[in-house]
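Please put together the full structure from these sequences, using the hints given.
Spelled out from the first residue to the last, the chains are:
Number of protein chains: 2
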Amino acid sequence: MKKFTVAVHGLGNIGRRAVEAALAAPDCECLGVIRRRESLGTSGDALRGLPEFADIDGLTAAKGRPDVVILCGPSRGIPTTAVDFLGKGFSTVDSFDIHSDIPTEVPLLHKAAVAGKAVSITAAGWDPGTDSAVRALFEAMVPVGTTFTNFGRGRSMGHSVAARAIRGVADAVSITIPVGGGRHSRLVYVLLENGETLDAVRQRIQADAYFAHDPLEVRECKTALELASVADQSHGLLMERTGASGMTDNQILSFDMRINNPALTAQILLSCARAATRMDAPGCYTLIDIPPVKLLPGERMDHIARLV
Amino acid sequence: MKKFTVAVHGLGNIGRRAVEAALAAPDCECLGVIRRRESLGTSGDALRGLPEFADIDGLTAAKGRPDVVILCGPSRGIPTTAVDFLGKGFSTVDSFDIHSDIPTEVPLLHKAAVAGKAVSITAAGWDPGTDSAVRALFEAMVPVGTTFTNFGRGRSMGHSVAARAIRGVADAVSITIPVGGGRHSRLVYVLLENGETLDAVRQRIQADAYFAHDPLEVRECKTALELASVADQSHGLLMERTGASGMTDNQILSFDMRINNPALTAQILLSCARAATRMDAPGCYTLIDIPPVKLLPGERMDHIARLV
Numbered sequence: 001m002k003k004f005t006v007a008v009h010g011l012g013n014i015g016r017r018a019v020e021a022a023l024a025a026p027d028c029e030c031l032g033v034i035r036r037r038e039s040l041g042t043s044g045d046a047l048r049g050l051p052e053f054a055d056i057d058g059l060t061a062a063k064g065r066p067d068v069v070i071l072c073g074p075s076r077g078i079p080t081t082a083v084d085f086l087g088k089g090f091s092t093v094d095s096f097d098i099h100s101d102i103p104t105e106v107p108l109l110h111k112a113a114v115a116g117k118a119v120s121i122t123a124a125g126w127d128p129g130t131d132s133a134v135r136a137l138f139e140a141m142v143p144v145g146t147t148f149t150n151f152g153r154g155r156s157m158g159h160s161v162a163a164r165a166i167r168g169v170a171d172a173v174s175i176t177i178p179v180g181g182g183r184h185s186r187l188v189y190v191l192l193e194n195g196e197t198l199d200a201v202r203q204r205i206q207a208d209a210y211f212a213h214d215p216l217e218v219r220e221c222k223t224a225l226e227l228a229s230v231a232d233q234s235h236g237l238l239m240e241r242t243g244a245s246g247m248t249d250n251q252i253l254s255f256d257m258r259i260n261n262p263a264l265t266a267q268i269l270l271s272c273a274r275a276a277t278r279m280d281a282p283g284c285y286t287l288i289d290i291p292p293v294k295l296l297p298g299e300r301m302d303h304i305a306r307l308v
Numbered sequence: 001m002k003k004f005t006v007a008v009h010g011l012g013n014i015g016r017r018a019v020e021a022a023l024a025a026p027d028c029e030c031l032g033v034i035r036r037r038e039s040l041g042t043s044g045d046a047l048r049g050l051p052e053f054a055d056i057d058g059l060t061a062a063k064g065r066p067d068v069v070i071l072c073g074p075s076r077g078i079p080t081t082a083v084d085f086l087g088k089g090f091s092t093v094d095s096f097d098i099h100s101d102i103p104t105e106v107p108l109l110h111k112a113a114v115a116g117k118a119v120s121i122t123a124a125g126w127d128p129g130t131d132s133a134v135r136a137l138f139e140a141m142v143p144v145g146t147t148f149t150n151f152g153r154g155r156s157m158g159h160s161v162a163a164r165a166i167r168g169v170a171d172a173v174s175i176t177i178p179v180g181g182g183r184h185s186r187l188v189y190v191l192l193e194n195g196e197t198l199d200a201v202r203q204r205i206q207a208d209a210y211f212a213h214d215p216l217e218v219r220e221c222k223t224a225l226e227l228a229s230v231a232d233q234s235h236g237l238l239m240e241r242t243g244a245s246g247m248t249d250n251q252i253l254s255f256d257m258r259i260n261n262p263a264l265t266a267q268i269l270l271s272c273a274r275a276a277t278r279m280d281a282p283g284c285y286t287l288i289d290i291p292p293v294k295l296l297p298g299e300r301m302d303h304i305a306r307l308v
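So the protein lines, in turn, are chains Y and G. Heads up: the first sequence runs through residues 1 to 308, numbered per our numbering. Heads up: the second sequence runs through residues 1 to 308, numbered per our numbering.
Just so you know, the hints here were simulated from the structure itself, not pulled from any lab data. Computed from a predicted model, the values in this text were never measured in an experiment. Honestly, I wouldn't trust all of these hints.
[As the list claims (entries may be wrong)] To be clear about the criterion: a stretch of chain G counts as covered by chain Y if any three or more of its residues have a C-beta under 8 Å from a C-beta of chain Y, and this derived list gives those stretches:
#1 246-255
#2 269-283
#3 295-306
Glycine is no exception: its CB is placed at the ideal position from the N, C-alpha and C atoms.
The following block contains the structure:
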């Protein structure tokens with residue numbers, strides 16, 4: 001089987017799982033990991049024997065150009081990083097997840113991808129990402145109706161970071177709990193800074209824009225160990241759509257998943273890296289723009305025989 | 001909004017619902033229905049005010065060429081009918097559902113579509129169809145694992161037809177009941193011919209290739225009215241996948257739906273008719289070959305802002 005090649009950019013929660021997904025894929029060769037220079041040599045087992053480099057030039061000089069760079073850094077930095085790689089002619093995939101910025105991010109990356117004759121697949125995690133594709137399929141099946149996307153129970157990275165930034169909070173873990181109808185409550189575990197009271201901190205969290213609109217419960221952890229004991233990577237989703245196909249109502253669809261969050265995100269990135277090598281034209285794509293068969297290893301006609 | 005035009009070919013269970021789906025779509029104009037000459041004038045309300053024609057030439061002469069012909073006849077005849085339309089340069093969609101024939105049917109239709117500079121979207125119901133797309137997405141998310149597709153509870157058209165063909169059976173309705181692990185039992189309601197015994201008929205049904213491998217129960221209906229009272233169009237599906245993303249096991253996905261069967265099939269045909277007008281190149285496609293966004297009315301960037 002012909003293999004496509006990738007480089008993994010960043011070695012946090014997602015990057016470590018992206019390395020695993022690349023090594024587990026039958027048709028992928030991982031050329032190495034790109035990390036900040038100050039992090040080199042500190043990653044221990046997470047590299048799983050792969051070489052690490054401070055930049056793409058070092059990786060390319062040692063291993064050749066990868067077909068795709070899998071961007072695993074924080075969302076905020078993704079557009080800049082992606083434009084940089086695309087401009088140099090490297091295809092990229094990323095799990096950029098700031099929903100409100102995606103409509104401006106896609107044209108930006110599209111322009112860079114076309115200029116670099118490369119492919120970008122962005123917002124390629126599970127939400128945004130595969131959930132977006134399922135939402136589109138659900139609407140194609142049931143065009144008139146309502147979709148509720150219920151997240152959790154699971155840790156929200158974004159809300160945890162927001163809680164950690166609140167005055168008086170030494171560390172925090174925010175759990176998203178679905179309460180039905182696409183609405184959520186937040187359960188925030190906090191480690192307080194010296195001299196702070198739980199009551200004052202709860203009020204500050206409730207006032208923060210990230211938390212202001214949802215029911216909130218804040219619980220105090222007395223030690224870092226106690227806080228670590230609620231920071232697992234399990235997550236879940238229940239997507240529900242009810243509506244009409246043609247003139248027939250009461251069509252009921254649902255999609256449920258219970259998953260390890262970074263492992264699923266990284267796997268979707270890897271599947272999209274494969275798709276990036278197969279798109280017909282340079283440009284920026286999201287999961288709703290990709291024929292599902294391009295995500296899978298092997299030959300289209302074999303999948304038609306097996307899945308259709 | 002610019003409208004695409006369709007003609008509906010056949011006015012059975014699916015064709016009637018295809019007319020409804022076309023009339024309900026905001027971006028579709030249905031030019032009319034093509035039926036066998038002997039059926040003209042017999043359809044009553046099912047036409048919903050649309051004109052009917054004995055062939056495509058009549059429809060085209062009166063209303064112009066449709067962008068897509070929605071094929072709603074029986075599966076057995078689909079390949080021949082599709083090749084005929086494609087050869088004349090008409091794009092087609094169909095819900096051909098003989099799974100084992102799809103690998104040979106797709107290249108056949110592809111050749112005809114390329115020759116006619118048209119697009120065919122085949123196997124475009126819910127299984128094969130949208131289920132195929134979901135199976136592909138599930139494998140992209142969880143590449144190593146097992147998928148079980150559990151159908152029902154609902155009436156199987158194929159099994160009902162097979163039961164009706166058994167000696168001693170005047171009429172029959174076969175219900176598919178999921179028993180877990182992607183396996184099914186069959187509950188067959190029969191109206192016996194004069195002088196037949198339930199026991200003898202049960203043995204013949206059990207010996208038929210359609211029924212030989214599944215648990216079977218046969219119940220006798222005493223009247224046509226009684227048989228009609230179990231012939232509703234409700235159906236269901238539970239697709240389950242458990243497996244590994246990268247090197248992380250216990251990733252659990254499921255897709256459940258409870259639907260009116262022909263209404264869903266017809267809606268998917270209509271959504272695929274829309275996609276057929278947007279594919280980049282002539283040829284034959286299945287649901288796993290289609291970017292989900294092409295199935296939806298309206299503009300891609302609006303869907304990216306809303307669904308991604």
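So, going through the hints one by one against the coordinates:
1. Counting residues of the stretch 246-255 of chain G whose C-beta lies closer than 8 Å to any C-beta of chain Y gives 9; at least three are required, and the coverage claim holds.
2. Restraint check on the stretch 269-283 of chain G versus chain Y: 3 residues with Cβ-Cβ distances below 8 Å, three needed, restraint holds.
3. With 8 residues having a beta carbon nearer than 8 Å to a beta carbon of chain Y, the stretch 295-306 of chain G meets the requirement of three or more and the stated coverage holds.
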